[in-house]
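J.: Chain residues, written in single-letter form:
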Amino acid sequence: MSQTITYKQAITMAMADAMEEDERVLLFGEDVAVAGGAFKLSEGLLERFGPRRVRDTPISEQAIIGTAIGSALSGLRPIAEIMFADFAGVCFDGIANEMAKYRYMTGGQVTMPATIRLGNGAGTGFAAQHSQAVENWFLNVPGLKIVVPGTPADAYGLLRSAIRDPDPVLFFEHKHLFGTKGEVEDAPALVEIGRAEVVRPGTDVTLVATQLMRLRAVAAAEALSAEGISVEVIDPRSLVPLDVATIGESLDRTNHLVVAQESSHDGSWGATLVARLMATHFESLDSPPLLVGGDDTPIPYAGPLEELWIPSVDRIADGVRRTLAYGHPA
Amino acid sequence: MSQTITYKQAITMAMADAMEEDERVLLFGEDVAVAGGAFKLSEGLLERFGPRRVRDTPISEQAIIGTAIGSALSGLRPIAEIMFADFAGVCFDGIANEMAKYRYMTGGQVTMPATIRLGNGAGTGFAAQHSQAVENWFLNVPGLKIVVPGTPADAYGLLRSAIRDPDPVLFFEHKHLFGTKGEVEDAPALVEIGRAEVVRPGTDVTLVATQLMRLRAVAAAEALSAEGISVEVIDPRSLVPLDVATIGESLDRTNHLVVAQESSHDGSWGATLVARLMATHFESLDSPPLLVGGDDTPIPYAGPLEELWIPSVDRIADGVRRTLAYGHPA
Amino acid sequence: MSTKPPATGVAADIPLEEQLDWLRSMQEIRFFEEECHRLFARGLVRGSTHLAQGQEAVNVGACRALRVTDTMACTYRGHAAVLAKGAPLDRAFGEILGKAEGLCGGKGGSMHLTDMSVGAIGSFAIIGAHLPIVLGTALTEQYEGRDGVSLCFFGDGSTNIGAFHEALNMASIWKLPVVYVCENNLYGEYSPLATTTPIERLADRAASYGMPGVTIDGNDIGVVHETIASAVARARAGEGPTLVEALTYRHKGHSRSDPAAYRPEGELEAWMERDPIVLHERALIEAGVEQSRCEAIRTQAEADVTAALERAMSWAEPSPESRLEHVFA
Amino acid sequence: MSTKPPATGVAADIPLEEQLDWLRSMQEIRFFEEECHRLFARGLVRGSTHLAQGQEAVNVGACRALRVTDTMACTYRGHAAVLAKGAPLDRAFGEILGKAEGLCGGKGGSMHLTDMSVGAIGSFAIIGAHLPIVLGTALTEQYEGRDGVSLCFFGDGSTNIGAFHEALNMASIWKLPVVYVCENNLYGEYSPLATTTPIERLADRAASYGMPGVTIDGNDIGVVHETIASAVARARAGEGPTLVEALTYRHKGHSRSDPAAYRPEGELEAWMERDPIVLHERALIEAGVEQSRCEAIRTQAEADVTAALERAMSWAEPSPESRLEHVFA
Ligand SMILES: Cc1ncc(C[n+]2csc(CCOP(=O)(O)OP(=O)(O)O)c2C)c(N)n1
Ligand SMILES: Cc1ncc(C[n+]2csc(CCOP(=O)(O)OP(=O)(O)O)c2C)c(N)n1
Ligand SMILES: [Mg+2]
Ligand SMILES: [Mg+2]
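Chains as they are written, first to last, in the working numbering: chain A, 16 to 345; chain B, 16 to 345; chain C, 3 to 331; chain D, 3 to 331.
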């Protein structure tokens with residue numbers, strides 16, 4: 016049997032099920048306990064699991080990340096919440112220099128099964144410091160797994176996997192998707208970290224997108240199908256590890272690549288993906304890979320400006336059209 | 016007339032000349048005054064300019080960056096030193112969320128002429144947390160200029176330009192280059208930020224590298240010339256703005272691209288460059304662009320391991336050979 | 003609480019005319035925020051908003067102890083502070099509505115009101131971010147041999163973030179002209195102070211930095227003004243920073259989505275009795291001001307706010323190209 | 003300074019045999035670091051190194067108040083602490099020399115000695131980084147209902163970094179079993195404390211977190227042991243964290259490249275008089291231990307260190323492939 020749940024419910028359920036399954040799992044962060052989370056993602060968990068396992072912290076992200084590191088290396092399986100992903104800036108050292116490198120620097124003496132949940136992304140009018148696609152900040156930091164679910168089923172399945180994972184996982188939950196709905200099994204499945212999903216098969220072009228962009232990519236693909244263009248939409252679902260094989264296999268068939276990302280260009284996962292695919296699938300491409308992304312600016316507050324910043328369904332569809340038109344001037 | 020100076024001397028001289036030129040320029044950081052800097056880069060400046068303009072701070076990088084932001088927006092031209100670039104982790108929020116976005120978020124009400132100097136890079140046995148190529152952390156943050164000098168002349172000329180620049184500049188000084196020597200004019204020239212340098216002209220392949228990799232790229236090019244391979248070495252010198260035009264023009268002639276970078280792959284400037292060039296110079300390439308970089312691991316301490324991690328002259332030369340051999344199996 | 007005489011609601015040594023202007027400012031702010039509340043309900047404000055209703059005496063009392071050339075930095079709960087420092091009502095509304103003529107051209111929004119022309123250098127939405135930034139504005143004054151002061155507002159919950167510690171320490175060791183004003187409204191988001199902070203009096207933390215710390219009644223504008231004025235005088239004289247903890251209360255929830263159900267029964271009611279506007283008005287009247295003048299001020303404030311909002315509503319949205327401006331100078 | 007009785011160099015309530023073992027540990031550490039110094043001069047150590055010579059009483063006295071199952075985190079100046087917690091001399095040398103059999107397989111080096119098997123959870127080279135991390139190890143104990151304690155060393159200069167503040171606050175509000183030990187050696191790199199920190203007694207900062215703070219003579223191993231033992235007992239009993247400031251002095255410069263020219267004349271000499279090893283040895287003898295036993299311990303320690311170094315020198319370098327291991331589990 017299956018049920019329809021929201022992305023938000025999927026996250027709550029994943030935490031509850033993980034805590035049910037494993038006594039070592041605990042949750043802490045700012046206002047996650049009594050208030051059930053700023054975005055209400057942990058509603059009911061304090062009541063269900065008690066104050067030992069569900070804990071409010073002071074406004075101290077460095078302390079939160081440190082607690083995650085120390086408790087993970089000493090045998091617990093912490094879930095730490097960083098309310099807005101952008102606040103990773105105030106605890107960047109803990110994530111990038113300590114958590115990511117701890118196992119390596121000690122020659123494998125520790126494992127670091129910590130999960131950090133971060134509220135990601137734009138589209139809700141929170142302006143430049145509360146809207147970023149923060150996964151991109153951590154791409155150049157080996158030692159972190161980076162997970163970017165786009166559906167309730169993935170949010171559930173990947174969060175469960177993240178919590179079970181022996182390595183540190185940054186789990187980016189997209190704020191604009193909290194209310195979106197999707198089907199999951201009654202006992203929803205785990206989703207392996209590192210496997211892309213072919214969301215929509217197609218033959219003419221490979222369109223890669225995550226989170227909010229995944230939804231828009233699917234909408235663009237549907238619009239384009241009316242024009243007779245067959246778009247294969249792929250969601251990598253995690254950026255580290257990155258399932259280049261699945262995307263590359265698609266590219267071998269379609270020979271065209273478009274990436275839709277909610278990010279400025281430089282240092283982005285889209286640019287990274289292009290570089291990786293160039294190295295392995297150079298001959299497959301009949302046109303330049305195209306990144307449809309945000310402007311190279313901070314994210315503006317005003318509605319019309321933010322809307323222009325975030326790639327729209329139209330901009331994505333247009334990118335696909337331009338890519339396919341390459342070499343065939345109108 | 017010209018003189019031979021070290022990279023380190025170039026930095027000291029640039030600060031001194033800037034302070035001489037403009038009363039609004041001041042320097043602060045940990046042990047930069049009385050001790051002349053942990054790397055002695057500010058030796059003599061306290062004696063020459065006094066404690067008002069050359070200041071020791073507590074071990075408080077957030078306070079240092081905050082001071083740079085506040086003093087820059089109120090009319091000074093601060094130079095702040097972050098001793099090891101890796102410590103940008105403890106003040107990432109100040110750099111990425113505040114300094115970079117301040118002008119934008121206020122609709123242009125402020126200018127932010129702050130220069131942050133950061134000791135960058137590997138090769139000196141400082142291990143994983145004191146050796147990173149930290150410029151890559153900031154690529155996805157619009158609003159920062161990123162400067163990466165590889166020679167004494169560039170260190171001087173770009174630092175002077177950074178200090179005069181109305182925007183925030185992250186100036187990465189490579190620790191392994193401090194003792195390297197180079198020619199500069201008696202009154203050394205300023206170097207415009209955003210202009211790549213064709214370090215060594217060539218016709219067969221375009222090899223792009225910065226800082227320590229620039230030196231090794233030149234050495235590789237020399238070794239390869241004995242084999243009859245003509246390598247054009249280009250140093251972008253700044254990553255934001257990035258002089259895609261100069262590199263693209265070279266690529267149009269050579270049709271092969273190799274990037275040597277002291278960094279893991281994902282989220283790197285090399286991957287960014289590949290993605291940018293693919294968008295604009297797709298047709299120019301006869302082989303897949305190749306990134307010669309560090310392993311996708313933290314940087315190990317032990318000498319033999321660190322040496323393997325950092326791209327060597329041989330590895331770079333080999334990358335060039337493989338690139339040129341593409342499509343011509345041996 | 004301080005050992006000062008009991009709250010009076012007025013400042014003994016400031017002309018009543020000036021204090022009537024404080025009343026006007028508080029009234030304007032109150033009406034302004036009521037309109038914000040309504041605008042949210044109508045879906046005209048994006049993201050979130052954080053109202054300072056109930057805390058106006060802290061913002062107005064403190065800002066009125068500053069010169070226009072002094073600088074002030076505040077938090078996302080910053081409408082009151084930015085208006086108190088002198089930003090125009092209409093352009094503040096404009097920013098919250100995301101208009102081209104908004105203070106920041108629509109790029110900042112409710113959480114980031116900034117008006118450099120009046121020394122309101124920013125509203126900061128990452129906890130603690132501005133505490134180190136005011137070191138820099140203060141340093142500029144010291145560096146240039148001027149006597150300007152930087153005032154910095156922040157909340158009780160913000161005293162647990164690392165930036166607080168680094169900033170206060172460096173302000174003290176460099177004797178910078180800063181006044182740090184903690185608006186202790188008892189909660190950080192939904193968490194009562196006692197659940198996050200193991201001491202009761204936040205001003206006590208000043209001792210860690212060798213600077214004076216004082217706790218005051220933040221709902222008594224007279225006390226606020228007097229305390230801040232003397233901290234400002236100290237700073238101007240080159241004697242360094244002060245930490246002021248102003249006890250106050252927000253009448254609304256943390257942000258638009260918070261019904262504030264976590265409040266103990268009677269708490270809001272008790273604080274409403276001590277509404278800083280009511281206290282000040284009552285005290286002015288006791289000091290001899292005619293009630294009708296207070297009423298006239300209130301009426302005028304409401305009319306001014308309404309007119310400002312109307313202007314702001316009529317303004318254009320920012321042009322699409324404007325989003326690409328102001329990344330670099 | 004504390005109000006305890008004057009320094010004695012021994013602990014009143016600990017068997018002398020045990021205290022002779024403290025002497026052995028301090029001697030080993032001293033010889034170990036002298037070898038490190040020489041290895042540097044010979045170019046056999048990469049990066050930088052930071053010797054703790056002169057501070058051994060803090061590290062040994064504190065670690066001997068711990069169980070092997072308790073955890074300890076320290077700084078880049080961590081050779082002494084890691085050895086005091088029980089790491090083997092040879093594998094510590096091995097790590098500093100970048101050998102495959104080094105504690106961390108040659109991946110960490112001098113600044114990052116770690117030996118999980120004895121509870122030495124890490125040496126941290128980014129100032130302040132470990133202060134929040136020990137919250138987690140302590141939380142695990144509390145969570146599991148065990149009575150283990152986490153001890154955390156850091157320097158005087160490190161008390162100005164934000165992480166210090168966040169960590170101590172959270173340790174206190176969660177009543178975590180942590181003992182924070184500040185090794186106040188008067189300097190942060192080349193900066194005397196008074197130039198960076200506006201207060202004299204760092205233990206006073208404990209008041210900001212509602213935790214006990216005490217300043218002690220860090221060169222008297224008896225005092226150190228007693229103080230830490232009671233802080234540990236408090237932590238074990240669930241009464242929460244303590245901040246201990248141990249006054250001490252490093253005999254060498256900050257790092258291998260520092261001649262420490264910034265020291266006022268006579269300062270080093272005065273502290274050499276109070277060399278913690280000499281003090282302890284003298285006190286043991288006064289307490290009745292025969293001088294020859296102390297000498298034998300010293301000789302044995304030197305021999306053990308020499309032998310350990312020889313072993314470490316003979317070990318292989320890490321295999322090239324090993325550099326790719328241990329990124330993920
Ligand atoms: C670094 C950081 N962490 C968390 C938040 C989320 N947040 C916004 S307001 C707030 C509460 C702040 O409380 P307080 O300082 O008391 O100010 P008040 O809202 O009461 O005015 C929190 C936790 C943030 N904006 N920045
Ligand atoms: C975040 C950070 N900033 C700066 C440094 C550089 N640094 C290394 S040691 C040191 C001095 C630390 O002084 P203290 O805490 O007193 O310890 P001590 O060296 O005296 O043992 C500094 C500034 C660092 N490692 N990390
Ligand atoms: Mg509050
Ligand atoms: Mg010290």
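Hints in this document: simulated from the structure, not taken from any laboratory. A few of these clues could be false.
As the list claims (entries may be wrong) - The list that follows gives simulated cross-link-like pairs (lysine to any residue, SDA-like), each with its CA atoms no further than 25 Å apart:
1) D:Lys177 <-> C:Ile201
2) C:Lys177 <-> B:Arg67
3) A:Lys55 <-> C:Arg40
4) C:Lys177 <-> B:Gly65
5) B:Lys196 <-> D:Val280
6) A:Lys55 <-> C:Glu267
7) A:Lys55 <-> C:Phe42
8) A:Lys55 <-> C:Met274
9) A:Lys196 <-> C:Arg265
10) A:Lys196 <-> A:Ala260
11) A:Lys55 <-> A:Gly138
12) D:Lys177 <-> A:Ser240
13) A:Lys55 <-> C:Ala263
14) D:Lys254 <-> D:Arg26
15) C:Lys254 <-> C:His39
16) D:Lys254 <-> B:Val49
17) A:Lys196 <-> A:Ala50
18) C:Lys177 <-> D:Pro194
19) C:Lys177 <-> B:Gly140
20) C:Lys177 <-> D:Tyr264
21) B:Lys55 <-> D:Glu267
22) A:Lys55 <-> C:Leu188
23) D:Lys254 <-> D:Lys177
24) C:Lys254 <-> A:Thr19
25) A:Lys55 <-> C:Arg44
26) D:Lys177 <-> A:Ala50
27) D:Lys254 <-> B:Gly51
28) B:Lys55 <-> D:Asp306
29) A:Lys55 <-> C:Ile201
30) D:Lys254 <-> B:Gly140
31) D:Lys254 <-> B:Glu58
J.: Take the hints in turn and mark each one as holding or not.
T.: Status of each hint after checking the structure:
1. With a CA separation close to 13 Å, the supplied pair Lys177 of chain D and Ile201 of chain C stays within the 25 Å bound.
2. Our distance criterion of 25 Å between C-alpha atoms is met by Lys177 of chain C and Arg67 of chain B, whose separation comes to about 13 Å.
3. Our distance criterion of 25 Å between C-alpha atoms is met by Lys55 of chain A and Arg40 of chain C, whose separation comes to about 24 Å.
4. The straight-line distance between the Cα atoms of Lys177 of chain C and Gly65 of chain B is roughly 17 Å, inside the 25 Å bound, and the hint therefore holds.
5. Restraint check: the Cα-Cα separation between Lys196 of chain B and Val280 of chain D comes to about 48 Å, which exceeds 25 Å; the hinted pair is violated.
6. With a C-alpha separation of about 23 Å, the suggested pairing of Lys55 of chain A with Glu267 of chain C holds against the 25 Å cut-off.
7. Between the alpha carbons of Lys55 of chain A and Phe42 of chain C the distance comes to roughly 20 Å, so the proposed pair stays at or under 25 Å and holds.
8. The straight-line distance between the Cα atoms of Lys55 of chain A and Met274 of chain C is roughly 29 Å, outside the 25 Å bound, and the hint therefore fails.
9. The straight-line distance between the Cα atoms of Lys196 of chain A and Arg265 of chain C is roughly 33 Å, outside the 25 Å bound, and the hint therefore fails.
10. Annotation: proposed proximity of Lys196 of chain A to Ala260 of chain A is violated, straight-line Cα distance about 29 Å (limit 25 Å).
11. A hinted pair counts as satisfied when its Cα atoms are at most 25 Å apart, and Lys55 of chain A with Gly138 of chain A qualifies at roughly 19 Å.
12. Simply put, Lys177 of chain D and Ser240 of chain A have alpha-carbon atoms about 61 Å apart, too far for the 25 Å limit, and the pair is violated.
13. Distance check on the hinted pair: Lys55 of chain A and Ala263 of chain C sit about 14 Å apart at the alpha-carbon level, within 25 Å; holds.
14. Between Lys254 of chain D and Arg26 of chain D, the direct Cα distance comes to roughly 21 Å. Compliance with the 25 Å bound is thereby established for this hinted pair.
15. Pair hint Lys254 of chain C plus His39 of chain C holds up; C-alpha atoms about 10 Å apart against a cutoff of 25 Å.
16. As the CA atoms of Lys254 of chain D and Val49 of chain B are separated by approximately 19 Å, the hinted pair is consistent with the 25 Å bound.
17. Proximity of Lys196 of chain A to Ala50 of chain A is assessed by CA-CA distance (about 23 Å); at most 25 Å being required, the pair is judged to hold.
18. A C-alpha spacing of about 18 Å is found between Lys177 of chain C and Pro194 of chain D, which places the hinted pair at or below 25 Å, so the restraint holds.
19. Only pairs whose Cα atoms come within 25 Å are accepted, and Lys177 of chain C paired with Gly140 of chain B is rejected, the gap being roughly 39 Å.
20. Only pairs whose Cα atoms come within 25 Å are accepted, and Lys177 of chain C paired with Tyr264 of chain D is accepted, the gap being roughly 24 Å.
21. Annotation: proposed proximity of Lys55 of chain B to Glu267 of chain D holds, straight-line Cα distance about 23 Å (limit 25 Å).
22. With a CA separation close to 22 Å, the supplied pair Lys55 of chain A and Leu188 of chain C stays within the 25 Å bound.
23. For the hint linking Lys254 of chain D to Lys177 of chain D, the alpha-carbon distance of about 37 Å lies beyond 25 Å, and the restraint is violated.
24. Note on Lys254 of chain C and Thr19 of chain A: the hinted pairing is violated, with a Cα-Cα distance of about 35 Å set against a maximum of 25 Å.
25. With a CA separation close to 23 Å, the supplied pair Lys55 of chain A and Arg44 of chain C stays within the 25 Å bound.
26. Distance hint between Lys177 of chain D and Ala50 of chain A is fulfilled; the C-alpha atoms sit about 22 Å from each other, no more than 25 Å.
27. This hinted pair checks out: Lys254 of chain D and Gly51 of chain B have alpha carbons roughly 19 Å apart, not beyond 25 Å.
28. For the suggested pair Lys55 of chain B and Asp306 of chain D, the alpha carbons sit about 38 Å apart, so the restraint of at most 25 Å is broken.
29. In summary, the hint linking Lys55 of chain A to Ile201 of chain C is not supported, as the alpha carbons are separated by about 28 Å, beyond the 25 Å threshold.
30. In summary, the hint linking Lys254 of chain D to Gly140 of chain B is supported, as the alpha carbons are separated by about 21 Å, within the 25 Å threshold.
31. Of the supplied pair hints, the one linking Lys254 of chain D and Glu58 of chain B holds, its CA atoms being roughly 22 Å apart against a limit of 25 Å.
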